[in-house]
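**Q** Each chain, written out:
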Amino acid sequence: MLFTVLKKFRKIFKTSHKTKMNKAEDQAGNDKLSKENGESCIVRIFGQDVTDFSSQYGAESRMTYAAQNLAGNYNIYPNYGDFTQACVFRTYGPWWRMAPSAFKPYRKTPTAVGFESEDYIEVLFEERLYPIAVQIYETYNPGAIVKIMASDYKAGTNVDTGKQSKWITLWSSPAVETEQRVRIFSPPIKKIDTRVNLIRLELNHSLLGYYTELDCIMLCGVRSRPQSTDYPNLRVQASQLDPPRTPREQAMPGFYAQEEEKMVKELGSLKLNDVYQCPEGGEGKQLFEMLPGEVIVMILAYLDFPSLARVAQTCRLLKEHAYDHILYLEMNLQPIWHMVSNTTLDGLSRRCQHLQRLNLSWCGKSGTIKGSAFKRFLSSCASSLVTLQLSCCSFINKDTMLHISRFCPQLKELDLSGCGDVDKMSALVLTPLTNLERLNLYRTKIDTITIIALIRSMPELQHLNLGSCKMITNIVEVVLQLRLNCPKLKSLDLWRAREMDDSVFQEFVAGCPLLEELDVGWCSDLRSVNGSFTCIAENCKNLKKLFLTANRTVCDNDLLSLAKHSRHLQQLDILGTREVSSKAVEQVLASCKEMVFFDVSFCAGVTDNDVALWKVKYPAVNIKKSFQNTS
Amino acid sequence: MQSVALYGRLVARALVAGIHNEFQLKPGTSTQKQPLHLVTGSAGFSKSVTKNSAFSKWTFGDDAYFIARSRAADVIGVADGVGGWRNYGIDPSVFPRQLMLTCERMVQEGHFHPQAPASIIAASYEELQQHKDPLMGSSTACIVSLHREEHTIYSANLGDSGFLIVRDNEVVHRSQEQQHYFNTPFQLAVAPPGQQGRVLSDSPEMAESSSFKVEDGDVIVLGTDGLFDNLSEDMILGYVSSNLKDNREESVQKTASTIAESAYHLSVDPEYMSPFALSAIDAGIELTGGKPDDITCIMARVTHQSDIFM
Numbered sequence: 001m002l003f004t005v006l007k008k009f010r011k012i013f014k015t016s017h018k019t020k021m022n023k024a025e026d027q028a029g030n031d032k033l034s035k036e037n038g039e040s041c042i043v044r045i046f047g048q049d050v051t052d053f054s055s056q057y058g059a060e061s062r063m064t065y066a067a068q069n070l071a072g073n074y075n076i077y078p079n080y081g082d083f084t085q086a087c088v089f090r091t092y093g094p095w096w097r098m099a100p101s102a103f104k105p106y107r108k109t110p111t112a113v114g115f116e117s118e119d120y121i122e123v124l125f126e127e128r129l130y131p132i133a134v135q136i137y138e139t140y141n142p143g144a145i146v147k148i149m150a151s152d153y154k155a156g157t158n159v160d161t162g163k164q165s166k167w168i169t170l171w172s173s174p175a176v177e178t179e180q181r182v183r184i185f186s187p188p189i190k191k192i193d194t195r196v197n198l199i200r201l202e203l204n205h206s207l208l209g210y211y212t213e214l215d216c217i218m219l220c221g222v223r224s225r226p227q228s229t230d231y232p233n234l235r236v237q238a239s240q241l242d243p244p245r246t247p248r249e250q251a252m253p254g255f256y257a258q259e260e261e262k263m264v265k266e267l268g269s270l271k272l273n274d275v276y277q278c279p280e281g282g283e284g285k286q287l288f289e290m291l292p293g294e295v296i297v298m299i300l301a302y303l304d305f306p307s308l309a310r311v312a313q314t315c316r317l318l319k320e321h322a323y324d325h326i327l328y329l330e331m332n333l334q335p336i337w338h339m340v341s342n343t344t345l346d347g348l349s350r351r352c353q354h355l356q357r358l359n360l361s362w363c364g365k366s367g368t369i370k371g372s373a374f375k376r377f378l379s380s381c382a383s384s385l386v387t388l389q390l391s392c393c394s395f396i397n398k399d400t401m402l403h404i405s406r407f408c409p410q411l412k413e414l415d416l417s418g419c420g421d422v423d424k425m426s427a428l429v430l431t432p433l434t435n436l437e438r439l440n441l442y443r444t445k446i447d448t449i450t451i452i453a454l455i456r457s458m459p460e461l462q463h464l465n466l467g468s469c470k471m472i473t474n475i476v477e478v479v480l481q482l483r484l485n486c487p488k489l490k491s492l493d494l495w496r497a498r499e500m501d502d503s504v505f506q507e508f509v510a511g512c513p514l515l516e517e518l519d520v521g522w523c524s525d526l527r528s529v530n531g532s533f534t535c536i537a538e539n540c541k542n543l544k545k546l547f548l549t550a551n552r553t554v555c556d557n558d559l560l561s562l563a564k565h566s567r568h569l570q571q572l573d574i575l576g577t578r579e580v581s582s583k584a585v586e587q588v589l590a591s592c593k594e595m596v597f598f599d600v601s602f603c604a605g606v607t608d609n610d611v612a613l614w615k616v617k618y619p620a621v622n623i624k625k626s627f628q629n630t631s
Numbered sequence: 001m002q003s004v005a006l007y008g009r010l011v012a013r014a015l016v017a018g019i020h021n022e023f024q025l026k027p028g029t030s031t032q033k034q035p036l037h038l039v040t041g042s043a044g045f046s047k048s049v050t051k052n053s054a055f056s057k058w059t060f061g062d063d064a065y066f067i068a069r070s071r072a073a074d075v076i077g078v079a080d081g082v083g084g085w086r087n088y089g090i091d092p093s094v095f096p097r098q099l100m101l102t103c104e105r106m107v108q109e110g111h112f113h114p115q116a117p118a119s120i121i122a123a124s125y126e127e128l129q130q131h132k133d134p135l136m137g138s139s140t141a142c143i144v145s146l147h148r149e150e151h152t153i154y155s156a157n158l159g160d161s162g163f164l165i166v167r168d169n170e171v172v173h174r175s176q177e178q179q180h181y182f183n184t185p186f187q188l189a190v191a192p193p194g195q196q197g198r199v200l201s202d203s204p205e206m207a208e209s210s211s212f213k214v215e216d217g218d219v220i221v222l223g224t225d226g227l228f229d230n231l232s233e234d235m236i237l238g239y240v241s242s243n244l245k246d247n248r249e250e251s252v253q254k255t256a257s258t259i260a261e262s263a264y265h266l267s268v269d270p271e272y273m274s275p276f277a278l279s280a281i282d283a284g285i286e287l288t289g290g291k292p293d294d295i296t297c298i299m300a301r302v303t304h305q306s307d308i309f310m
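Order-wise, the sequence lines are chains A and B.
So in UniProt numbering, the last spot in the first sequence is 631, and the numbers never skip.
So in UniProt numbering, the last spot in the second sequence is 310, and the numbers never skip.
These are computed hints drawn from the structure, not numbers from a lab.
Where a beta carbon is used, it is the ideal one built from N, C-alpha and C, also for glycine.
Among these hints, one or two may not hold up.
Unchecked claim - Now the in silico label distances, taken between C-beta atoms and shown as ranges:
hint : chain 1 : residue 1 : chain 2 : residue 2 : range
1    : B       : N87       : A       : T51       : 46 to 54 Å
2    : B       : N87       : A       : K583      : 19 to 27 Å
3    : B       : G110      : A       : T473      : 23 to 31 Å
4    : B       : N183      : A       : R456      : 54 to 62 Å
5    : A       : Q227      : B       : K245      : 42 to 50 Å
6    : B       : D91       : A       : T434      : 51 to 59 Å
7    : A       : N530      : B       : D91       : 27 to 35 Å
8    : B       : K245      : A       : C41       : 43 to 51 Å
9    : A       : G209      : B       : N183      : 47 to 55 Å
10   : A       : K564      : B       : D91       : 32 to 40 Å
11   : A       : G209      : B       : N87       : 32 to 40 Å
12   : B       : D91       : A       : E460      : 35 to 43 Å
Unchecked claim - Non-contacting residues of chain B with respect to chain A, defined by C-beta distances greater than 10 Å in every case (computed):
hint : residue
13   : R71
14   : S211
15   : N243
16   : P292
Bound conformation, chain A alone:
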């Protein structure tokens, strides 16, 4: 009973918000503006530059599989396959979230599969246009795009005046499984009355069978404000060159219409001010007033942060409970990053006294969060903070990191991935965080000396991600220090680390018997002949995930050693070696009973037939074999 009431409440708040938005929109659409005939023709432009992104498969400052490849004309279309000229992200599927190194999910994150954005990329266009359509050329594993947003770049970057960038969601939908073929994805987008030149794509890879690859993006729009009556016509024009629509695109408008209809129906049956007469002398008290406070809080605990904020606006009683500190122990603001600003943080600081886990990833774009506001927030709320995720936050610099190390004595988990200002000068201030167990520095500019200083001061470290840290030039020293200082290490990500040395690496592996996860993808300096990979197998009995991506030397001997020793292996990636035979691969499949993921792409010794047979024989294992197709 309580649940249904609650559900309805949630919907009321959400829907009322939505209808308001719609009204404003319609008004804007109805604005009578003189239209010049010559200007109503549709302009189509490809992306000029990729201005920001959250992750990429390719190496920093290289073109192959880099995010930058989304800019410009199409290179791959109409081919379908795994091509070097594509924009590729770092992860896909559930595999990275299942690994030991993953952060625990937040309690109030929207739970629907495929809803939450995991990656983003922003593309700048040469001209400001009223958008009519956005076309994304998806050339491998389509279906990951869950949200298209738009903004005006110049307005957005005005940090000095504090002018906030306004991000408008043009389209969004949960990820769905999509047929594996090349497509130009062009969902029906919302009509807006501002000109935009920056498009942001948000992606969720959870349903993908392999990496999604994007070729290019095209913005179709008009230069002068179109009247709302023009839209159908313009849309037809924009779509004239489109390929036939896929089922998902057709389904989308319908999906929303149905949902909305359902909501409206339920709304009609519900009366907010229903007075429930209590049989035992309730004295006309309303339903909610009769409930013990704890129960109300329990109900409210099911709401996410924006819904709580709306509940708080309804009445004094609910406001009191909606501000209860117990509701703010864990907070994930990443899904609503575009709504979070200085004032949000100030407003929250009174409620978050006991905050334990906070995810501010992606927030504070183009100056919407100032260092001073972040400091104020930390100074009042961070005393019991354990987890802090700040992926791709532009406000992270030396000062803000200093505040983190000063105000967060309990901090155990810190995610600074993609923060460009984490470098040799700034990150040293993190050394007081001696309790840190989990540290993610993926794609930061941290250098050798700084990371060594951090490692030395963090003896509790269990999970460390140094993927794509291009300023770490002496990885040998880093690995050496890890062996000496961090005996509890469970996971280490050295994706694309350069200048590794086999003997030091082997000492490290021998000194970290607790290791469960090791990613040495694209570390081409590790050589099988020196025994590095057999050394992993022999020493790390708890190994669950091992990525040897694109190490051309991985051979049968290594696989047989893994098959013999690594009984708990769940994920293995040996992409791109010519030295393994299908026999050895099968040996691994037969011996590692817990295996769920095995990437054998571009292994010359493994044929499509082998893979097809194994898929039948070992149905629990997701065997990946990528391909390039040129027609």
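Take the given structure of chain A and dock chain B to it, following the hints.
**A** Relative to the frame of chain A, chain B by itself:
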């Protein structure tokens, strides 16, 4: 009778190998300094029609080339794959083709310095090792970049491909050939793990770089060893002066075709004392006749006339 048969075969091969013609449009930018452009044509032959006759863009057998333009520069380049990889079950044409494709993309996307074409070779070589699909093979490379505003060509050459710059019927600038020993040029290589150290592999930094001021009307002849081993400089000069009279793309293309065809004829002539045979004799090897090889010839005429592209 024999010559008729030969001729028939040649025609067939020409049809199969194809004569490529690149028409690339480019907006004419007219400033006071009158920037220079390249009008280009390209032609070539594959030595074998049997296996790799699959007609693919910008390749002749194990040779590959590209013609690309960026905002600041016009760039042309050739690469010659090393055939020995066939014995290891590796298609030797893939490496040079990927190398040239990567160079082309780099130029188009502006990821290079027009003054340092050697950096294009080095960066492309790095990119090739970033492929998921392990790419094996080796190749020579020669890249010529015309800096439009500076009126200067910058070149980088690794191996035995090369180029000439012809002005007023004279060779005014040429590249230096780099060989370890006779018929074994410097080369970029990616070897399988077991073969590393046993395979000849030179660093991209070994590329010989040069620069040269060019003028309106200069002609650049860029080719692989298949061209220069079969045609002497004098012969190339002769073809250029008798065929190339104006800036039209057709004339440039026709000259390129003529030179490539003539090189091909001579390469299969057993009596002809080719430059290759002469240098073999210098190296102490008795040899006569042409050198049957894949042949690629790119002609580029330097001009400040920009309207020809419109």
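**Q** Of the hints given before, which are not true for this structure?
**A** Hints 5 and 12 not satisfied by this model.
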